[in-house]
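There are 2 protein chains.
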Amino acid sequence: MKNIQQLLSELPIRSLFKESRIGIEKESQRVTLSGELATTDHPKEFGNRAFHPTIQTDFSETQVEMITPVANSEREVFEHLASLHDVVRRTLPENEMLWPLSMPPVLPENDDAIKIAKLASEKDVAYREHLAKTYGKRKQMVSGIHYNFEFDSVFLKQLHEKSDSTQTFKDFKTDVYLKVSRNYLRYRWFVTYMMGAAPLSEEGYFTGCPKGRPSMPVRSIRNSNFGYTNDESVFVSYKSMDDYATSIQKLVETGKISEEKEFYSAVRLRGGNTVAAIQEKGVGYIEIRNIDNNPFANYGITEEQIKLLHYFLMLMLWLDEAPIDSDEWLREGERLNNQVALENPLDQTSQLEEGERLLIAWLEMMESIESSDDDIRLVKGLGRLLVNPEETLSGKMLTEIIAQETQEKFAIELGNTYQASAWEKPYQLAGFRDMELSTQLLLFDCLQKGISAEILDRQDQFLKLSFGGKVEYVKKANMTSLDTYVVSLMMENKTVTKKVLDQAGFEVPAGKEFITKEEAIASYAYFIDRGIVVKPKSTNYGLGISIFKEGASLEDYSEAIEIAFKEDTEVLVEEFLPGTEYRFFVIGDKTEAIMLRVPANVKGDGVSTIAQLVEVKNQDSLRGTKHRTPLQLIELGPIEKLMLKEQGLTVESVLEKDQVVYLRENSNVSTGGDSIDMTDEMPEYYKEVAAKAVQALGATISGIDLIIPDIDAEVTPDNPGYGIIEANFNPAMHMHAFPFAGKGRRLTLKVLELLFEGVS
Amino acid sequence: MKNIQQLLSELPIRSLFKESRIGIEKESQRVTLSGELATTDHPKEFGNRAFHPTIQTDFSETQVEMITPVANSEREVFEHLASLHDVVRRTLPENEMLWPLSMPPVLPENDDAIKIAKLASEKDVAYREHLAKTYGKRKQMVSGIHYNFEFDSVFLKQLHEKSDSTQTFKDFKTDVYLKVSRNYLRYRWFVTYMMGAAPLSEEGYFTGCPKGRPSMPVRSIRNSNFGYTNDESVFVSYKSMDDYATSIQKLVETGKISEEKEFYSAVRLRGGNTVAAIQEKGVGYIEIRNIDNNPFANYGITEEQIKLLHYFLMLMLWLDEAPIDSDEWLREGERLNNQVALENPLDQTSQLEEGERLLIAWLEMMESIESSDDDIRLVKGLGRLLVNPEETLSGKMLTEIIAQETQEKFAIELGNTYQASAWEKPYQLAGFRDMELSTQLLLFDCLQKGISAEILDRQDQFLKLSFGGKVEYVKKANMTSLDTYVVSLMMENKTVTKKVLDQAGFEVPAGKEFITKEEAIASYAYFIDRGIVVKPKSTNYGLGISIFKEGASLEDYSEAIEIAFKEDTEVLVEEFLPGTEYRFFVIGDKTEAIMLRVPANVKGDGVSTIAQLVEVKNQDSLRGTKHRTPLQLIELGPIEKLMLKEQGLTVESVLEKDQVVYLRENSNVSTGGDSIDMTDEMPEYYKEVAAKAVQALGATISGIDLIIPDIDAEVTPDNPGYGIIEANFNPAMHMHAFPFAGKGRRLTLKVLELLFEGVS
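Respectively, the protein sequence lines represent chains C and X.
For the first sequence, the positions run 1 to 760 when the UniProt record's numbering is used.
For the second sequence, the positions run 1 to 760 when the UniProt record's numbering is used.
Here chain C stands alone, though its shape is the one from the complex (with noise of 0.2 Å):
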């Protein structure tokens, strides 16, 4: 390969080196809040582990692992870890949390209490088995972040056309990787200076352990000879694709090693479920297995970290390599990364000099593809680092260990808080926060039960859903194909609504519908002597509506006509219900949740004005602005003073203990009304009408309005108790998993269980 830095400083190459791929697998043991490793099994919630993409376990059956999907960058793969945390951590048993380090808590002293993981498959838990025998259970205990990385395709086939290489494309990308792979396992001693996050061991984990144990605190035991690694006898050339492959065939062959992916290597290649399989292929990406869990970050890694990486295996391609005739670089890259990985982490490091140079060209590297102002100084903050030995993460780990006395409270605290941490905000989904609330509450619920979510359109919230061989589409989290195409139409226009289900022997108000006004105020008499709503067809905002709860005099029914028409060529004139509005979400042929929305209201206390009731009620969590939260929060604007001044009130009025002061006439939660789920409570009766109504839609999924005037009342044939007013084809979700009092519903669970059979 020639001209490698001139050829990666050129367009239109320059600007493709930086697309990659990049996957993340993090474990992390289960522990109690005090540090105890976990009895229980993995939470059931996941469902089955055979086939759950995303959560698994690893060697034991508390050590979860956490696997990304395939990201198209550091954000990207950053926030699927963000938000796999947030459905573990919620998931967990109330008692427990993730162990926030690489090296394990204190364990039991008898090895049966270690569990291995207790998976359907028999070969799975046989290997398991062989690893505990060969290695000691406690070894396997030790947790960490593998980092699978893939350049861009095109900038592959950039880079090859451009160059004057008579390769295939095939072996021209496996020699990229291998010569990634090659100065990766020279320099990776300088991951481990600088993410090495291992210095001690707790009490139990050396137990009768041949090697010993370090004597000091170290950089990071897990990369040291001390970690888990193969026997010294294990040996794989990274030469060529055919010796990498030879060696570990032989390894398997002559027993040292029992499956090819016992060959515990800084770097794997990958591409192919055997070393064969990525001969045949080529390289398809590379694992990188040597990153400790960062503990001081809430995820084991932080979004830096990950760019970092990503820079440091651009450096590796971009750096030219040591001859590669004998495999001594590699041994060399070995010994430099156990000597760095011994050092006291407090201490200067022996390769200051190497490191410098390493920085030094690594910069040139970003000069020359002109990375970002941010990525340089992201960059240059290492040189700081290598000469401040306790700013990395193990010499900050030693000096707040010292300080707390022992890495066991060291490491209980902020598994604590990040714990805490992923509660602060239940209705929100780490990493995609900026998605509808809905939809996070969906994403969550295909995190936990293992269904594969692509997300098509981040804006327009469309996402595609795997589970079990079965794809499956959703938009908003109530836009699936469980409703047909027309139904949402139907939905969409009251009139039609109105029409289909008072053919099908509904309660809906009386009404007719005028394209004229002359024709309207000939029908008065449908209207008189009863209360009627007179409203454009299309209502934007309420405006153009006129309510006569009492009933309108022909003059007084003119004029709202005549209003009602400045808005739309089409008024409807319906007949008005008395009673309370509830909305039932009903999905599949069952109504899931019931809400009731009051408006924004405060009670007193005897003591607090209305003001100051109102900031206490605000300091809900649940409660915020734009939509970003289950609940918004009370203002107190003109429209709310008037409310509280036609009620002889001011904002410095101070209530008696209960007494309860409406500050709006409407009751939309957008305008700080409460919601109040109401499933228990509604008569089996309504919630039949209102499942069977959106049957008669022909509708699934479906927020249905019912006007009841007493839920309490005697139902008759003559009195049936309801009205229905609106079905709904985008029905709110959110309300009903975080309402204002009452129970949460899941209802994004419910419509994942109708899209596939087996999701529980």
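Treat the hints as calculated values from the structure; they're not laboratory data.
Here the structure is a predicted model, which means the values were calculated and not measured.
Mixed in with the good hints there might be a few duds.
The list treats identical chains as one, so a pair stands whether inside a single copy or across any two.
DSSO-like cross-link-like pairs, simulated, lysine-lysine; straight-line CA separation at most 27 Å [as the list claims (entries may be wrong)]:
no., residue 1, residue 2
1, Lys470, Lys590
2, Lys464, Lys590
3, Lys170, Lys239
4, Lys512, Lys170
5, Lys464, Lys537
6, Lys549, Lys162
7, Lys537, Lys549
8, Lys657, Lys743
9, Lys499, Lys464
10, Lys692, Lys464
11, Lys687, Lys590
12, Lys566, Lys617
13, Lys499, Lys512
14, Lys512, Lys162
15, Lys44, Lys118
16, Lys133, Lys115
17, Lys512, Lys396
18, Lys743, Lys687
19, Lys512, Lys307
20, Lys499, Lys281
21, Lys409, Lys139
22, Lys657, Lys123
23, Lys512, Lys157
Since the structure of chain C is already known, use the hints to place chain X on it.
For chain X alone, coordinates are given in the frame of chain C:
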């Protein structure tokens, strides 16, 4: 019943009085274009007569009966009648038409040549055979109109409440209809005078008739005792519901009539399958049976006639009646009617005086109930007819027939005119011309195939269809339950559509989506060296789109990105696909139509100027404005003139023979483009690609646009030959049905076939 006139004049009753439901049944004989009774069977295109709700056969195989749905206004029932005629006429064999008279055409000498309707039900056939035997086949060949009439139920309830009646509502309602019936039977001579239209019979009608035949032209043979009447011994009382029921049941018991429906009265009480059922439930509506087909009306009756009959029936409720103790008034009514029916059409009627009294009362009623000026004018017009018998229908007929020498000639000419008129704009459906063309086509198919169609929202093109017990809803003819909610949203989102197609292995233009300019510009490298399109994600009339067919410099690319971001917050950059765009219309798993759209153009003839060529091309009845026609008029506005100028031409340029000149760059049909059906020309391969792509989207009905450089080029794995640029969830259907060139494709029928089993 007291003070009926006062009650009817008061609000709210007054304004409800005219509300009513009307349905019309109209028979016509099928004849050849030269006036012979048709010898063909009832067209098989109408499907199974056993359950066709609107197009039936009456007595004979040639006697088409059209039955409108129940309508809420005169306009509506007229529209239904018009649409049924359009459907029947366009379904008839090429050399047939509907005979425009009540009296049949010249009948074959041999009775056997008059075929009894070939019905599936043995009972129905046996009944017709009985009629043939009892009254003679020839008598049964007369046609006419039945007018079903029902007062508004709110009107009847209010009337019941406001009257001091002690009756139940059911009995009250029955008495209302009985009064109307009695008065109608008493005064029906007036209808015979005004609307009688059967002055002459043709050869063969009275053959073998024991009663003989009128010796002179009369107002209405059909409504006289020479017409289609029961034996004189058949007498039914209208004094009360019980009397009515008892007398009919007795007639059946004594064998004077074979079934209840053999009682031929000018008014039948309706509302149940048997008189016993009507007695039980009360009268629901009445059926007026003495209306002759009006030969001057395209559909056998005018909207004005429908309105006059409506008012006349209201008048029958308004008018006091003679004492009903005896049935003398009934016999009097019959006598008067027969007398008027047998008067010479051009003679003054003997009942002038009573007619004038009726009209005075009629106008009094209209003043009292505040009828519109237009309606009052319409009724006043009857006064002129009363003194000018030559202006009555039979008077006008006779005058015309004398001028044309024979009634046959007169009828043939009118029949041909009406038949031709049905083909003037075959893409429209009379009565529904305000609806979208695709919906008109779908309604045509529904009417033809016997699918009941209720318009739930006219402006919204929202229909309820029923067939074989199954209900389906359809909007805009292409939005149905065959597609899912989410698939319509998927097709609405071009990015998602592309991703799904791409993942399924279809060829789509490679591309990327950006939310910042920097990101977009940084990705330039993806797009060098190839044609690209830069566009805002939501394109509005092509604003902000830049096309670089040969690729763009970084400078041009950046500028295009800037421009696109002015229109939207998201910008797409896509590979430009060279080739011709074809619209593939897929229904189910099959490509049913393929359309090539060509920009507005004219072809020279060596003589005409471009302006003249445009004028001639615009004379095509398929061309019009505002999407009311399948093609749009070619304009000669600034854009077209500029395009000509660029070619060195003006509108006055004379083109050589066969020289084609384009007037537009864009191929939209909406700017005068031509639509060319390519369904038969397109290789099967592309049809399958389109059908499978639609399947991959999970869609059933879609218009999918393929770019194909050369439909005849060889397809290889490296050259799939196409790129899919869009899938439409609301694809136009009418342009396929009536293309500029090539065969029309009846897509709406394909949709119906998928919606309902057994439609064909």
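Have a look at Lys499 and Lys464 and pick one of within, between, both or neither, based on CA distance no larger than 27 Å. Cα proximity of Lys499 and Lys464: across copies only (10 Å, versus 35 Å in one copy).
Tell me, please, which holds for Lys464 and Lys537 at an alpha-carbon limit of 27 Å: within, between, both or neither? between (35 Å within a copy, 20 Å between copies)
Same-copy or cross-copy closeness of Lys743 to Lys687 [CA-CA at most 27 Å]: Intra 17 Å, inter 54 Å, cutoff 27 Å: intra-copy only.
Measure nothing new, just compare the shortest in-copy and cross-copy C-alpha distances for Lys170 and Lys239 to 27 Å and report within, between, both or neither. within (16 Å within a copy, 100 Å between copies)
For the identical chains here, do Lys133 and Lys115 meet the 27 Å Cα criterion within one copy, between copies, both, or neither? Intra 13 Å, inter 97 Å, cutoff 27 Å: intra-copy only.
Checking an output row: Lys537 and Lys549, CA cutoff 27 Å. Within, between, both or neither? within (19 Å within a copy, 47 Å between copies)
Homomeric proximity label, Lys657 with Lys123: Cα distance no greater than 27 Å: Classified as neither; 67 Å inside a copy, 82 Å across copies.
Check Lys687 against Lys590 for me: Cα-Cα at most 27 Å, and say if that holds within a copy, between copies, both or neither. within (8 Å within a copy, 42 Å between copies)
Pop the pair Lys499 and Lys281 into one bin, within, between, both or neither, using alpha-carbon distances up to 27 Å. Between copies only: 25 Å across, 62 Å inside.
27 Å Cα cut-off: does Lys512 pair with Lys157 within a copy, between copies, both or neither? This pair counts as between: shortest inter-copy Cα distance 18 Å, intra-copy 67 Å.
How would you classify Lys44 and Lys118 at a CA-CA limit of 27 Å: within, between, both, or neither? within (12 Å within a copy, 69 Å between copies)
Same-copy or cross-copy closeness of Lys549 to Lys162 [CA-CA at most 27 Å]: between (79 Å within a copy, 24 Å between copies)
Figure legend: structure checked against the earlier numbered hints; hints not met, in rising order: 12, 17, 22.
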